[in-house]
Amino acid sequence: MSGPVDVELRAVTKRFGDVVAVDRVSLVVPQGTFLTLLGPSGCGKTTTLRMIGGFEHPDSGEILIRGIPMGRTPPYRRPTSMVFQNYALFPHLTVAENIGYGLKERRMDRSTIDRRVREMLQLVALEGFENRYPRQLSGGQQQRVALARSLVIEPAVLLLDEPLGALDLKLRQQMQFELKRIQTEIGITFIYVTHDQEEAVTMSDYIAVMNRGRIEQLGTPEELYERPRTRFVADFLGTANVLPARVESADSHTAALRILGQRLTVSVSDLSPGQDVWVVLRPHWLQLTEPHDECALWSGQVRAKVYKGSTIHYRIAVDDTTDLQVETPNTAASPVYCSGDRVGIRVEARHIHVVTE
Amino acid sequence: MGRLLQRSQSLGSLLLIVPALILLVGFLLLPVLLIGLYSVYSTDPVTGLMRADFTTANYVRLITSPVYRRVLIRSLEIAATSTPIGLLLAYPVGYTIGFLVPRRRQTLLLLLVIVPFWTSYIVRTYGWIGFLQTGGFLDSIATLLLGRNVELGLLYTRVAVIIGFVHVYLPLLILPIYASTRAIDPHLLEASSDLGAPPWRTFIRVTLPLTMPGVVAGTTLFFIAVFGSFVTPQLLGGSSDVMIGNLIADQFGEAFNWPFGAALAIVITLVVLLGLLVFFRFARLEQLYG
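From first to last, the protein sequence lines stand for chains U and C. The numbering of the first sequence is the working numbering, which starts it at 1 and goes up by one. The numbering of the second sequence is the working numbering, which starts it at 1 and goes up by one.
In case anyone wonders, no lab produced these hints; they're calculated from the structure. Fair warning: there could be bad hints in the mix.
[Unchecked claim] Covered stretches of chain C, as calculated for chain U (at least 3 residues, CB under 8 Å): (1) 176 to 188; (2) 193 to 200; (3) 203 to 216.
Idealized CB from N, CA, C, for every residue including glycine.
Take these sequences, add in the hints, and give me the full structure.
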């Protein structure tokens, strides 16, 4: 992340009564990026977004937009615009009047407003809907009007608060690509809030995973998936087997770990002997083999099998308390196991990812 | 099957409106029809009793005599003056309770608005006499403030009548305005601010248009209530503040001329209905309610 910065948060904290909603969050958003704040409900992502938009103000810390400290600047003097979760379209105004709302505030003349509204309607593929009222539109159409209404005022940063939450799955997926297309086309910064990890991975350049008011990890979707920094991130983004492990010996580059009774040496630094850690294993990093395979690290029994088309998901009982999730490609060459079968589980040491918190 | 279901559903909803229908027919439609019937009856010149025959004399008398037209116009005048004053007072109250007060405290404030409504209309109006009469509370305050003897002489004037109406009927304006502010999604105000509108512009462009249904409903209730009143002008007004309600009350009371009172009542009902029709057409309610 380098180049000009659109939004910067410096140790921003926000409390509601006794609850710390946002806890010393720092964040730098470079110009033109699609950043997603991802986390479960109550993690502080929406509050963070609302503070950037000026609807809430931090109790401490600072928010800078294009290098200017915002202080208690109200929303109507910020170069940001928000797409609300419920769209918040003005029910007494037509589609064209909704989109032109911000332009009228900027004292533009009628013909300019008309032209810009038409351009926006074209961008969001809603030509011919100018004179409809919001209640006469479907959820997806309302969503696009809200988007157009925010984009037409050419904000430096577009803020989106779970804008696809109310749409059905098919439409949601379609709108994900649409949003990414529009963002690439106009090249402004998008800050997007969602609890849907698939949505985040599909659209984002960067994802900030939030938990309990703090950013657990900030990175590209690949980084978060391949190298999660905490158990929470590993769990929240995609499916993961998170197993407790103990460091038996360690030097500067490697460590010997005991995982589910088996000893394995992995290349990892900064661990000390006796330390309790966790290993993260993505289901497709594991391989199933014959039960007596010498190279298998563990053995277990197939508890459940789910056919997913291009892959098959297994749930393997390794001991009385631990199940491992394994995903194997569904090809003619790979063997298929049935519920109750004994299997061996292989994992390559380079795939073992260690987290300490 | 679908049609059958639809039919039974519409039958069900018909059943739901039956109680309201009974109430409206029994306590509104029938009395109005009865009044309509009385208005074409005549009175026995000797006994003064009502005679069940058919005459247009009552209406002819009403239309040809300038007195009644003058009183009708005066009633409209008083209602038309009280309504904007009431609106100016009620809007900030409804707006404040609905928007600026936290939800859990709204109930208490609403109660404070409604409680006076449970107190007798006449008692509250009498209260104003003590306030407005010569040497009354207002005069005393003014005397105290100005340091010399002041007589405002407000009682038995048009001003007193309007003060009385605004005070007595204010909840009719406050409650619908409050209700309409409650129906506004707060995100709309945030969206307006977000798009560059300072608070006063948001008020003009979003809040005001979206509270119009409340304003229209409140204005209608208030106007009609004032227009048909007879107690307030009787207690607080002078001889030049007689309203159409007073005339009707007189005909049914002291004058004991029910047919003529009924004709007056029918005429003001028609005037109100006509006014409502024009007002609703003008206010485009269906668009406001969405």
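Hint by hint, here is what the structure shows:
1. 176 to 188: Held - the segment 176 to 188 of chain C has 3 residues with a Cβ nearer than 8 Å to chain U, which meets the minimum of three.
2. 193 to 200: Check passed, 6 qualifying residues.
3. 203 to 216: Three-residue rule met by the segment 203 to 216 of chain C, so holds; n is 4.
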